[in-house]
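Protein chains: 2
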Amino acid sequence: MIEERQKALINALFEKNRYKICEIIDDMFPIDIAIILEEFDDKNLLDFHQLMEKELMAEILEQASEELQTRFIKLLKFQDIVNLFSYMSNDDITDILGSLPIKMRKDLLKMMKAGDTKQLQELLGYNEDTAGGIMTTEYIALKSDLTIGESLKKIKEIGPKTEVIETIFVLNKNKELIGIADLRDILIAPEEKRLADIMDDNAISVNPEVDQEEVSLLVSKYDLKAIPVVNHKNSLLGIITVDDIIDVIVEEQTEDILRLGGVSREERVDSTLLISIIRRLPWLFINLATAFLAAFTVGLFEDVIAQVVALAAAMPIVAGMGGNAGTQTLSVVIRSIALGEVSLKKNWKSIFKEVALGVINGAATGVITGIILYMKYGNPYLGLIIFGAMIGNLVIAGFFGFLIPLLLKMSGIDPALASAIFLTTATDVFGFFLFLGLAKMFLHLLL
Amino acid sequence: MIEERQKALINALFEKNRYKICEIIDDMFPIDIAIILEEFDDKNLLDFHQLMEKELMAEILEQASEELQTRFIKLLKFQDIVNLFSYMSNDDITDILGSLPIKMRKDLLKMMKAGDTKQLQELLGYNEDTAGGIMTTEYIALKSDLTIGESLKKIKEIGPKTEVIETIFVLNKNKELIGIADLRDILIAPEEKRLADIMDDNAISVNPEVDQEEVSLLVSKYDLKAIPVVNHKNSLLGIITVDDIIDVIVEEQTEDILRLGGVSREERVDSTLLISIIRRLPWLFINLATAFLAAFTVGLFEDVIAQVVALAAAMPIVAGMGGNAGTQTLSVVIRSIALGEVSLKKNWKSIFKEVALGVINGAATGVITGIILYMKYGNPYLGLIIFGAMIGNLVIAGFFGFLIPLLLKMSGIDPALASAIFLTTATDVFGFFLFLGLAKMFLHLLL
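Read top to bottom, the protein sequences are chains A and B. Counting in my numbering, the first sequence runs from 6 upward without gaps. Counting in my numbering, the second sequence runs from 6 upward without gaps.
These are computed hints drawn from the structure, not numbers from a lab. As the structure is a computational prediction, the values presented were derived from the model and not from experiment. Incorrect hints may have been included.
Just so you know, same-sequence chains aren't split out, so a pair can sit in one copy or run between any two.
Listed below are the simulated SDA-like cross-link pairs for lysine to any residue, each with C-alpha atoms no more than 25 Å apart in a straight line [to be verified]:
id, residue 1, residue 2
1, Lys159, Asp202
2, Lys358, Glu9
3, Lys198, Arg76
4, Lys148, Ile193
5, Lys381, Thr430
6, Lys158, Pro195
7, Lys108, Leu413
8, Lys82, Arg284
9, Lys48, Asn22
10, Lys445, Glu307
11, Lys381, Glu307
12, Lys108, Ile193
13, Lys351, Asn88
14, Lys108, Asp46
15, Lys161, Ile191
16, Lys354, Ile280
17, Lys178, Arg273
18, Lys351, Leu279
19, Lys358, Ile282
20, Lys351, Ile282
21, Lys381, Ala311
22, Lys238, Asp202
23, Lys381, Phe19
24, Lys358, Leu279
25, Lys198, Gly154
26, Lys59, Lys381
27, Lys354, Ile282
28, Lys350, Leu279
29, Lys82, Ile283
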């Protein structure tokens with residue numbers, strides 16, 4: 006029956022009768038149409054593509070065998086490929102790319118990179134912050150059964166056009182990455198040996214959707230000169246070179262420092278006034294909201310302050326020191342997160358250390374503060390109250406300074422962006438509340 | 006006369022008569038002694054070295070010709086060399102190292118790196134944060150008159166032992182670095198060409214005392230795989246590879262983030278409690294001192310607060326928002342400094358932008374704050390006063406946030422370390438002073 010339909014289709018194609026074609030394939034699954042297309046010659050394939058809905062065409066292509074995919078893609082113009090890809094999920098596109106011959110895959114990816122067809126790059130879902138977004142196709146990939154002599158010849162041919170020459174990527178017959186070979190080893194190996202004999206089959210690779218920050222951690226951990234990007238079938242899509250990794254590290258670091266400082270995105274000293282306003286003002290409004298929370302807390306105790314005005318002068322010390330201590334914890338935790346060294350699951354016990362640190366540092370700074378206040382205002386109880394409030398607020402600072410960034414990280418939010426605001430809200434509100442609350446409780450001792 | 010002395014010296018050496026030797030050379034300058042030593046055979050040289058004061062010996066060596074230096078160093082045991090070097094300035098040591106044959110220089114530096122003789126490394130003055138401190142000797146340096154064929158043979162020989170193979174460093178007869186050759190170009194060049202023909206004679210290099218942060222900026226700017234380290238005579242001392250540069254960048258970034266957060270040195274989430282206390286408590290004490298400055302400022306206005314308690318609740322808003330806005334400016338400037346993009350000389354005009362930004366952001370947040378306070382306390386003048394104080398404090402924040410890190414940088418102090426403390430002191434003290442001062446001036450309107 007399939008053969009009958011095939012014949013009917015070819016006839017309909019010959020007549021360019023779109024209506025007839027649709028009738029024939031109307032009740033067929035894409036996979037079945039794909040099977041029929043397998044037997045088509047190039048001309049029929051192109052005619053079919055021209056007459057069909059692109060959405061259906063894309064579905065068929067997704068289901069087709071690797072051979073058909075490759076043959077078909079080769080026939081099409083670049084813009085047609087982009088059109089088809091626009092109906093596919095990026096998994097499928099990545100699969101199809103993986104099954105193309107290396108040369109073609111490189112060309113396609115290069116055209117995507119060229120920027121005039123940003124479209125396809127976006128379709129691919131290779132976010133610019135992912136491995137796929139920063140990879141290059143300027144690498145040397147050789148089949149594992151090549152001899153050293155043949156390899157050297159190839160390397161001399163391709164070498165001048167590539168970014169990385171020290172590391173040669175080794176593929177098997179199915180174009181899967183099975184190892185990497187060091188040019189050093191190739192240079193000294195006997196001519197007749199094969200790449201497979203001297204390669205290191207323990208290559209570290211990443212998938213295209215991996216975040217660039219993770220890639221940079223891998224490269225820096227293993228001192229790699231380049232890291233291969235492969236799809237889930239282990240086909241080589243591209244490589245990321247160490248100089249791009251440096252850019253990533255610098256960029257991520259800039260982002261972290263600016264976000265920690267309350268600047269939402271890239272800003273330079275010579276950015277325009279307008280850009281600076283846009284980057285900073287929204288953040289100040291958020292800060293203002295938390296400042297009002299703190300002010301509201303103070304407002305609750307206006308009667309107490311009216312009776313003991315010394316409290317007004319002393320209360321910023323408690324809140325401020327809490328903020329400072331919390332920021333210290335925050336910095337250590339956020340940096341450890343960025344370096345991939347810490348997770349809530351693995352390091353939750355460290356919260357006890359932070360709390361203990363809060364008690365010790367709170368007591369150390371609190372005792373000095375207490376003594377100075379006692380000397381200034383002549384009331385020992387004021388000193389005792391601020392001593393207690395300092396310990397309490399520094400414990401809170403350690404607790405939240407540790408927990409907030411790790412919880413944000415777990416929820417997929419950049420801890421550098423939002424941690425500080427939550428933290429200072431906590432230390433301000435709790436700081437004022439603790440100090441003024443204690444003062445209210447022991448008001449009779451202060452008067 | 007020199008010949009006479011030479012003969013006398015050799016006789017004295019033969020007799021191992023230290024007293025006689027000293028008598029002979031007593032009135033001679035080191036350079037003259039060096040000239041006499043030129044004619045000594047190895048045995049006499051060694052005897053002389055054994056009998057002489059090491060300090061004098063070091064002076065003579067400094068003045069000697071490169072040939073004598075090399076011959077002499079070759080005769081000595083490693084520990085003797087270290088001893089002599091201990092009397093020399095690191096400039097002279099670097100000079101002598103530069104005149105040694107590459108192999109020997111590498112061996113010496115490798116031994117220094119080995120760590121069992123940290124001593125020499127310290128003597129060299131190669132601080133661990135400088136190019137000299139992070140360089141390696143695992144490179145390939147070839148003479149410029151070698152043919153491509155000869156070069157390839159050498160590369161195959163040395164290659165497996167080096168860290169960098171893609172970049173070959175090219176030296177002239179005087180062992181000065183005159184260019185770099187790309188392995189790609191060597192692979193495709195005709196066998197009979199010479200290295201000098203295909204090398205790039207525009208190599209970027211650094212001196213050993215250059216700060217590692219500057220080195221990393223160069224490597225990242227020019228996408229280098231390795232950067233050569235040369236002494237002031239342009240002799241190749243070592244190279245720094247890109248993977249070490251990544252470590253430098255990560256390390257410097259960690260330092261910046263931690264210092265900005267008020268943690269003086271490297272600390273991890275799993276550092277011990279004691280380490281955390283040592284790293285953080287001193288910083289909290291400094292913060293405490295500035296907190297007291299702020300509290301003292303508030304204390305000046307206790308009479309005003311006693312009459313208008315609402316001021317106590319509102320004043321942390323002014324100080325806090327100033328701190329936030331200043332931190333934004335600080336982050337942008339400190340990051341730009343770290344990336345080598347900014348200097349006070351070049352970018353001083355940007356301070357006007359920061360001041361303008363302070364006016365605009367101060368007005369935007371101040372008007373909201375003013376309205377809310379007016380609504381809460383029913384006094385329009387309280388709203389106007391906080392509006393004015395917010396603008397004033399955000400201008401101060403922008404002014405100091407810009408100026409402090411650049412001034413610290415100019416004075417050779419790490420801006421990440423000390424900027425925040427100066428800034429928050431400024432925004433706290435000025436913030437409270439402005440707001441409460443204005444309130445005192447217009448007290449009759451608030452009552």
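We went through each hint and held it up to the structure:
1. Taking the closest pair of Cα atoms, Lys159 and Asp202 come within 25 Å of each other both inside a single copy (17 Å) and across two copies (24 Å).
2. Taking identical chains as interchangeable, the C-alpha atoms of Lys358 and Glu9 are never at most 25 Å apart, the minima being 77 Å within one chain and 77 Å between chains.
3. Taking the shortest Cα distances, Lys198 and Arg76 never come within 25 Å of each other, neither inside one copy (34 Å) nor across copies (45 Å).
4. Within a single copy, Lys148 and Ile193 get their C-alpha atoms as close as 19 Å, and across copies as close as 21 Å, so both meet the 25 Å cut-off.
5. Within a single copy, Lys381 and Thr430 get their C-alpha atoms only as close as 29 Å, which misses the 25 Å cut-off; across copies the closest is 21 Å, which meets it.
6. Proximity of Lys158 to Pro195 under the C-alpha cut-off of 25 Å is found in both arrangements, the shortest distances being 14 Å within a copy and 14 Å between copies.
7. With identical chains, the CA atoms of Lys108 and Leu413 are never at most 25 Å apart, being 43 Å at best within one copy and 54 Å at best between copies.
8. Taking the shortest Cα distances, Lys82 and Arg284 never come within 25 Å of each other, neither inside one copy (42 Å) nor across copies (63 Å).
9. Taking identical chains as interchangeable, the C-alpha atoms of Lys48 and Asn22 lie at most 25 Å apart only when both belong to the same chain, with a minimum of 15 Å there against 103 Å between chains.
10. Taking the shortest alpha-carbon separations for Lys445 and Glu307, both the intra-copy value of 10 Å and the inter-copy value of 19 Å come in at or below 25 Å.
11. Proximity of Lys381 to Glu307 under the C-alpha cut-off of 25 Å is found in both arrangements, the shortest distances being 22 Å within a copy and 13 Å between copies.
12. Proximity of Lys108 and Ile193 under a CA criterion of 25 Å is satisfied inter-copy only: 21 Å between copies versus 28 Å inside one chain copy.
13. Proximity of Lys351 and Asn88 under a CA criterion of 25 Å is satisfied in neither setting, with 46 Å inside one chain copy and 49 Å between copies.
14. Taking the shortest alpha-carbon separations for Lys108 and Asp46, only the intra-copy value of 23 Å comes in at or below 25 Å, while the best inter-copy value is 66 Å.
15. Both within a single protomer and between protomers do Lys161 and Ile191 lie at most 25 Å apart by alpha-carbon distance, with minima of 12 Å and 9 Å respectively.
16. In this homomeric assembly, Lys354 and Ile280 come within 25 Å of each other (Cα to Cα) only across copies, at 17 Å, whereas the closest approach inside a single copy is 42 Å.
17. For a Cα distance limit of 25 Å, the shortest separation of Lys178 from Arg273 qualifies neither inside one copy, at 50 Å, nor across copies, at 47 Å.
18. In the homo-oligomer, the alpha carbons of Lys351 and Leu279 lie at most 25 Å apart only across protomers (21 Å), although the nearest pairing inside one protomer, at 44 Å, exceeds that limit.
19. For the homomeric pair Lys358 and Ile282, the shortest alpha-carbon distance between copies (10 Å) is at most 25 Å, but the shortest distance inside one copy (40 Å) is not.
20. In this assembly of identical chains, Lys351 and Ile282 lie within 25 Å of each other by CA distance solely across copies; the values are 22 Å between and 40 Å within a copy.
21. Taking identical chains as interchangeable, the C-alpha atoms of Lys381 and Ala311 lie at most 25 Å apart whether they share a chain (19 Å) or sit on different chains (18 Å).
22. Taking the closest pair of Cα atoms, Lys238 and Asp202 come within 25 Å of each other only inside a single copy of the chain (23 Å); across copies the shortest separation is 45 Å, beyond that limit.
23. In this assembly of identical chains, Lys381 and Phe19 lie within 25 Å of each other by CA distance neither inside one copy nor across copies; the values are 102 Å within and 82 Å between.
24. With identical chains, the CA atoms of Lys358 and Leu279 are at most 25 Å apart between copies only, with a shortest distance of 10 Å across copies and 44 Å within one.
25. In this homomeric assembly, Lys198 and Gly154 come within 25 Å of each other (Cα to Cα) both inside a single copy, at 8 Å, and across copies, at 22 Å.
26. Taking the closest pair of Cα atoms, Lys59 and Lys381 never come within 25 Å of each other, the shortest separation being 82 Å inside a single copy and 63 Å across copies.
27. Taking CA atoms no more than 25 Å apart as the test, Lys354 paired with Ile282 passes between copies only; the shortest distance there is 17 Å, against 41 Å inside one copy.
28. Proximity of Lys350 and Leu279 under a CA criterion of 25 Å is satisfied inter-copy only: 24 Å between copies versus 43 Å inside one chain copy.
29. Taking the shortest alpha-carbon separations for Lys82 and Ile283, neither the intra-copy value of 43 Å nor the inter-copy value of 66 Å comes in at or below 25 Å.
Hint compliance for this structure: hints 2, 3, 7, 8, 13, 17, 23, 26 and 29 are not met, and every other hint is.
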